[in-house]
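Construct the complete structure from the given sequences, taking the supplied hints into account.
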Amino acid sequence: MTTGFLLIIQIILVVVLVIAVLLQKSSSIGLGAYSGSNESVFGAKGPASFLAKTTFLIGFLFVANTITLGYMYSSAREESVVDNMVESTNVVAPSATTTPVAPATK
Numbered sequence: 001m002t003t004g005f006l007l008i009i010q011i012i013l014v015v016v017l018v019i020a021v022l023l024q025k026s027s028s029i030g031l032g033a034y035s036g037s038n039e040s041v042f043g044a045k046g047p048a049s050f051l052a053k054t055t056f057l058i059g060f061l062f063v064a065n066t067i068t069l070g071y072m073y074s075s076a077r078e079e080s081v082v083d084n085m086v087e088s089t090n091v092v093a094p095s096a097t098t099t100p101v102a103p104a105t106k
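Using my numbering, you'd call the opening residue of the sequence shown number 1 and step up by one each time.
To be clear, the hints were calculated from the coordinates, so they are not data collected in a lab. A virtual CB, placed ideally from N, CA and C, is assigned to each residue, including glycine. It is possible that part of the hints are untrue.
Unchecked claim - The calculated label-pair distances, taken between Cβ atoms and stated as ranges, are:
| # | residue 1 | residue 2 | range |
| --- | --- | --- | --- |
| 1 | Asn84 | Thr105 | 51 to 59 Å |
| 2 | Gly59 | Ser88 | 49 to 57 Å |
| 3 | Pro94 | Gln10 | 51 to 59 Å |
| 4 | Leu22 | Val63 | 13 to 21 Å |
Okay, structure coming up:
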């Protein structure tokens, strides 16, 4: 239950992290060209410092969630389905102490 929830959070973090990275300004503008004129919303420096801090925070949450998922999957792996199986059969193996009998000759 909790691993499924954390996996959904992981997927959401990946999508948000990719969007945050693509919105940042680079030598080729990327998706930052579609953000419009946001300088007034984020202050005089523009969205660069805000997006950098947001990207760092989302990246930190992504790494923490990845480590948590890894720990949960590795602790669940210690227990095997085969270990919990109870096999009961009524088949009796032949004993190995029987001596072979030579065929009768006429």
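Do the hints match the structure? See the list:
1. Asn84 with Thr105: 51 to 59 Å: holds (56 Å)
2. Gly59 with Ser88: 49 to 57 Å: Hint holds: Cβ distance 53 Å, inside 49 to 57 Å.
3. Pro94 with Gln10: 51 to 59 Å: holds (55 Å)
4. Leu22 with Val63: 13 to 21 Å: 19 Å Cβ-Cβ, so the 13 to 21 Å window holds.
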